[in-house]
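Engineer: The listed protein sequences correspond, in order, to chains A and B.
Residues 984 to 1228 (my numbering) make up the first sequence, in order.
Residues 984 to 1228 (my numbering) make up the second sequence, in order.
Please note: incorrect hints may appear among the correct ones.
Which copy is meant is left open, because identical chains are indistinguishable; a pair holds if it fits in one copy or across any two.
[Said to hold, decoys possible] Below, simulated DSS-like cross-link-like pairs (lysine-lysine); rule was C-alpha separation at most 30 Å, straight line: (1) Lys1168 with Lys1040; (2) Lys1197 with Lys1225; (3) Lys1175 with Lys1040; (4) Lys1091 with Lys1197; (5) Lys1168 with Lys1019; (6) Lys1197 with Lys1019; (7) Lys1038 with Lys1197; (8) Lys1197 with Lys1137; (9) Lys1225 with Lys1175; (10) Lys1225 with Lys1038.
Worth flagging that the hints you see were computed from the coordinates, not collected in a lab.
There are 2 protein chains.
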Amino acid sequence: MKSGIGIAALVNIPAIVSAVIPGSSERKNNHYPMFKRGSTILFQGDSITEYGREKEKELPNNAFSIGPGYVYLLTAQLMKTLPNRELIIYNRGISGNKVFQLANRWQKDCLDLKPDILSILIGVNDYWYLRNGMYDGTVADYERDYRALLNRTKEHLPDVTLIIGQPFVLPNTEAVDESWIEPMKGYQQAAKRVADDFNTLWVPYQQVFNEALKYAPANYWTTDGVHPSVAGTQLMAEAWLKVVS
Amino acid sequence: MKSGIGIAALVNIPAIVSAVIPGSSERKNNHYPMFKRGSTILFQGDSITEYGREKEKELPNNAFSIGPGYVYLLTAQLMKTLPNRELIIYNRGISGNKVFQLANRWQKDCLDLKPDILSILIGVNDYWYLRNGMYDGTVADYERDYRALLNRTKEHLPDVTLIIGQPFVLPNTEAVDESWIEPMKGYQQAAKRVADDFNTLWVPYQQVFNEALKYAPANYWTTDGVHPSVAGTQLMAEAWLKVVS
């Protein structure tokens, strides 16, 4: 079984993102009409989004302030593809954050930046810290807090375009085993309900990673089942770009 | 003139790399046959290659050890595209290096790693430090040292595939003015002679950046005329991938 996958993967280039998100990923004339001239794009989330970014200057469009994760990969692609769009791209992910911790810093780290486009990926810590006994919020708290956060955002920024990422985990890894799957589905379904009710774009990261498992094991795409590897950050960036294109 | 460029760029997606390096950049079935299963790929150079990478662990295939520059962008692309190729990718660029300083650390930082593929981008400091009076090596020293370095490399690693990058600068920037152009051509021609004589692959970064200037000014593609911006790192990564594809 395993060597069969290996041989197939050597012959066939994986169309991982395309297999999950319909539409051609090879469009040559993608103008990304969602991004207007001077649009501010803000990325929010936990360590997956933070990815070791520098947090003193927090500059837009700067490799170090963005950190070497999926946000940098998609920023580089957008900045190169749209050189006259004058995009302003911030990363404000912070390691360990759960949804209520986004709320605690939302004025400074979101509303004050007045994003035109806001991309949020949050949820794995809401479950992980509960599982570890370091937090007592439930999936119901997650959903309620997420809805409150988006209501507050829409109140201050009625024209903001919202993008919600599906929280994901990959079992058979250092941090994650099969017992995570069912409880994480609860958080994934909650995030999807929020995305549907707020009419946001939706990036199905879990589905993309599941598809990627056809080509290499979980330890190839993530470092521990929660954090993406270099290969995993590329998957995430491609998925995000495809959703916004 | 300038607003005319701006309008054209909004309507036409720049095919910058394709305009310089022939061949389709959108090939869906690029198997990168140059990279065998388990190939070790080493990137060498100065700060453009280093790009703030962590230098304690210096792990392969690790976002922090690779740093958020062009090496990370192309590594992410290769790791995602070739999940079963088991590539081992190192960045060993060090800020400020001239070609003789590569030689000083070549045993540890190149020969001991036994790369199958070795990509070198070096030269801008050989000129910059000469210009600043902090170094007295000439373009002849650069070429002689470069040839000696590659002879030594081929002696120890006769089967290594070599890739040489064209050193580049962009004037009308913080660090670079028009008076750099002619002397830098000397270093670029020397690097090209070395590449031709050693039958290496050649990445024409200067030509790629020159093409990019049709779409946005030098300060968009570099931070100071020497170091690439986020958009510039994407240009470099795409150019490199195209050359090896």
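Engineer: May I ask which of the numbered hints given earlier this structure violates, with the numbers listed in increasing order?
Structural biologist: 1, 3, 4, 5, 7, 8
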